[in-house]
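Visitor: Whenever a hint applies, use it, and build me the whole structure from the sequences.
If you're matching them up, the sequences are chains A and B in order. Following the UniProt record's numbering, the numbering of the first sequence begins with 1 at its first residue and continues without gaps. Following the UniProt record's numbering, the numbering of the second sequence begins with 1 at its first residue and continues without gaps.
Hints may be right or wrong, so weigh each one.
[As the list claims (entries may be wrong)] Below, in silico cross-link-like pairs of lysine-lysine (BS3-like), each with a Cα-Cα straight-line distance of 30 Å or less:
#, chain 1, residue 1, chain 2, residue 2
1, B, K235, B, K152
2, B, K235, B, K135
3, A, K199, A, K212
4, A, K77, A, K123
5, A, K59, B, K108
6, B, K6, A, K123
7, A, K199, A, K63
8, B, K6, B, K312
9, A, K77, B, K108
[What the hints assert, rightly or not] A short list of chain A residues far from chain B (calculated; beta carbon distances all over 12 Å):
#, residue
10, G14
11, D21
12, G64
13, E65
14, E177
15, V185
16, E188
17, M211
18, I230
19, E232
20, G233
21, A237
Derived from the structure by calculation, the hints contain no laboratory data. Using N, Cα and C, we set each Cβ at its ideal position, and we do this for glycine too.
Single-letter residue listing:
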Amino acid sequence: MSLLQIERLGIAFGGLRAVHDVSFSVEPGEIVSVIGPNGAGKTTLFNMISGVYRPGSGKVRLKGEDVTGMEPYLLAKRGMSRTFQNLQIFQNMTVLENAMAGFHLQERGPVLADLLNLPSSRKRTHMAEEGARALLTRVGLDRAADREAGNLSYGSLKRLEIARALAMNPAVLLLDEPAAGCNAVETEEIDHLIAEVAKSGVAILLVEHDMKMVMRISNHIVVLDHGEKIAEGPPEAVSRNPAVIAAYLGTEAADADR
Amino acid sequence: MKLSSKHLTLLVMATLIAAAPFFFPSGYYFRVGALIFVNALAVTGIVILTGYAGQISLGHAGFAGIGGYACALAPVHLGLHPALAVVLGALISALLAYLVGRPILRLKGYYLGVASLGFGILVAMVLNNERELTKGPDGIEVADLGLRGLLKDWGLNLSNGEFWYAFTGICLVIGAWIALNLFNSPTGRALRALHGSEVAAGTVGIDVARVKLQAFVISAVYASVAGSLTALQNKFVTPDIAGFMHSVEMVTMAVLGGVGSVPGAILGAGILTLLPQVLTVFAEYEQLILGLVMMLVMIFLREGLVPSILRKIRGRGE
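Guide: In structure tokens:
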């Protein structure tokens with residue numbers, strides 16, 4: 001039984017098959033990347049796995065449990081977290097508060113205690129703050145803790161989002177283009193961060209355009225084209241696969257290459 | 001011990017409330033002060049709902065109406081002490097907020113605004129038309145709270161104006177304390193997070209519909225208690241307390257002062273409560289003035305007075 005198992009997942013939007021019959025699995029500590037040309041259905045696939053869209057067919061299993069189409073907050077409770085391609089930061093909060101919000105499942109408690117600032121409520125807040133500060137240090141944002149999140153650079157926000165996702169101590173982490181819009185230095189920082197997280201036993205599913213990064217850090221690659229899986233395997237094998245080259249460069253280029 | 005911004009805010013508030021009477025030219029101002037405090041209390045509830053959680057209600061006057069009429073009816077019909085009638089009103093308001101909010105808050109978008117608008121109108125209609133119970137549009141008498149008499153027996157002799165000034169002032173400080181507690185608590189962070197991004201709030205495990213409902217219920221209790229205090233202070237209540245204009249007033253006060261900020265809510269309530277006292281034309285043009293205030297704030301001071309001023313001060317400091 002795999003930690004995260006995707007079984008023949010599919011969805012159609014008004015007759016258009018955005019994703020069709022895609023299956024793969026992710027094990028603890030493994031980095032699996034989903035790649036493919038623009039419009040191949042990567043983000044749609046991601047949104048189905050993370051509960052944003054309800055799949056038209058197929059199943060998502062998390063630790064063996066069928067979680068297909070489950071709402072994101074219920075998936076979070078079961079250990080799945082994600083980041084977003086177009087950042088979803090709580091801009092109205094500080095950097096520290098953003099990270100603390102990631103501890104929601106651990107810090108939440110009776111509302112009445114929160115309203116009256118009872119010791120139990122203060123204790124929960126304190127616990128989340130400690131954890132959040134440690135995470136911010138881990139992603140190199142400890143000195144920005146008290147700044148408004150909206151004022152951070154793009155690369156920093158990407159790392160903040162990863163920190164927030166890690167706060168809930170997920171078993172599976174879905175990263176939607178974590179390096180998009182980042183410069184080379186920022187990409188490398190994120191690169192290291194992801195590798196380190198995987199090493200701690202978290203299963204990582206990654207959608208990324210930066211091929212160098214994908215080839216460097218992935219254990220396993222799933223290639224989508226027109227919503228279907230056209231290849232899968234370790235980085236070296238996938239990069240030599242003619243179907244993959246054809247999908248990215250067109251069939252003629254693939255022929256010329258031969 | 002370092003003074004947190006919460007304690008500083010509360011200290012400044014309490015000091016201002018305690019010191020202001022020394023500058024009152026006449027006893028009339030105690031009454032104005034108490035009006036401001038009661039309005040500010042209701043608006044503090046709006047800050048929690050709209051400022052923290054980003055949800056809009058256009059029917060909170062309905063809860064004020066329930067709180068007010070609970071104080072008029074429960075002592076007569078149920079034999080409850082007026083103080084317990086306040087609690088009963090708050091419980092009914094909380095229950096109704098739960099029943100109205102539960103189906104609505106599962107939906108995304110501005111459904112709550114429309115549903116609460118309908119709810120407020122419904123309450124006003126019931127209060128106007130159930131003449132046998134509520135005596136209709138002319139209003140109904142409210143029993144005395146009795147606390148002033150009790151204080152007198154203990155040797156603290158306050159005039160009616162002084163008593164209500166002090167009592168509502170204390171209620172407001174407690175209300176502000178609770179709202180500020182919430183701000184930096186796990187629940188408060190969840191509310192502000194869903195305001196920032198509902199999708200992201202879901203991915204960190206926040207049950208968005210549930211915490212929205214909590215905010216709605218809490219803010220309904222604020223409005224209900226404020227309504228009760230208004231009725232008890234006036235010893236009289238009319239269905240206007242639940243009217244649409246009252247709901248709009250609350251939102252405008254919150255927006256003017258700064259909807260995310262508790263001190264802002266109090267300032268906004270202060271300004272819009274004082275205006276009609278100094279400008280006698282206000283009553284005639286109330287709707288016009290409220291509309292204008294709302295527009296000007298939205299155009300020039302998106303965050304409201306207090307946050308905009310704070311930003312200016314901080315900007316200069318750096």
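Visitor: It remains to establish, for every hint, whether it holds in the given structure.
Guide: Hint check results:
With a C-alpha separation of about 19 Å, the suggested pairing of K235(B) with K152(B) holds against the 30 Å cut-off. Note on K235(B) and K135(B): the hinted pairing holds, with a Cα-Cα distance of about 15 Å set against a maximum of 30 Å. About 20 Å separates the Cα atoms of K199(A) and K212(A), which keeps this hinted pair within 30 Å; it holds. The suggested pairing of K77(A) with K123(A) holds, with an alpha-carbon distance near 21 Å, which does not exceed 30 Å.
Distance hint between K59(A) and K108(B) is fulfilled; the C-alpha atoms sit about 26 Å from each other, no more than 30 Å. Between K6(B) and K123(A), the direct Cα distance comes to roughly 17 Å. Compliance with the 30 Å bound is thereby established for this hinted pair. A threshold of 30 Å between alpha carbons decides the hint, and for K199(A) with K63(A) the separation of about 19 Å falls inside it, so the pair holds. Under the criterion of a C-alpha separation no larger than 30 Å, the hint pairing K6(B) with K312(B) is consistent with the structure, at around 20 Å.
Our distance criterion of 30 Å between C-alpha atoms is met by K77(A) and K108(B), whose separation comes to about 21 Å. Interface exclusion of G14(A) from chain B stands, the closest Cβ pair being 21 Å apart, more than 12 Å. The beta carbon of D21(A) is kept farther than 12 Å from every beta carbon of chain B, the shortest such distance being approximately 26 Å. Every C-beta of chain B lies more than 12 Å from that of G64(A), the closest at about 20 Å, which supports listing it as non-interface.
Here E65(A) stays apart from chain B, with its beta-carbon at least about 16 Å from theirs, past the 12 Å limit. Every Cβ of chain B is farther than 12 Å from the Cβ of E177(A); the closest lies at roughly 15 Å, confirming the non-interface assignment. Against the 12 Å criterion, V185(A) stays outside the reach of chain B, whose nearest CB is about 26 Å from its own CB. Non-interface status of E188(A) relative to chain B is upheld: no Cβ of that chain comes within 12 Å, the nearest being about 25 Å off.
For M211(A), the requirement that its beta carbon stay farther than 12 Å from each beta carbon of chain B is met, with the minimum near 27 Å. Taking the minimum C-beta to C-beta distance to chain B, about 29 Å, the non-interface status of I230(A) holds against the 12 Å cut. No beta-carbon of chain B is positioned within 12 Å of the beta-carbon of E232(A); the least distance is around 26 Å. The non-interface label for G233(A) is consistent with chain B: the shortest C-beta to C-beta separation is roughly 30 Å, beyond 12 Å.
Every C-beta of chain B lies more than 12 Å from that of A237(A), the closest at about 33 Å, which supports listing it as non-interface.
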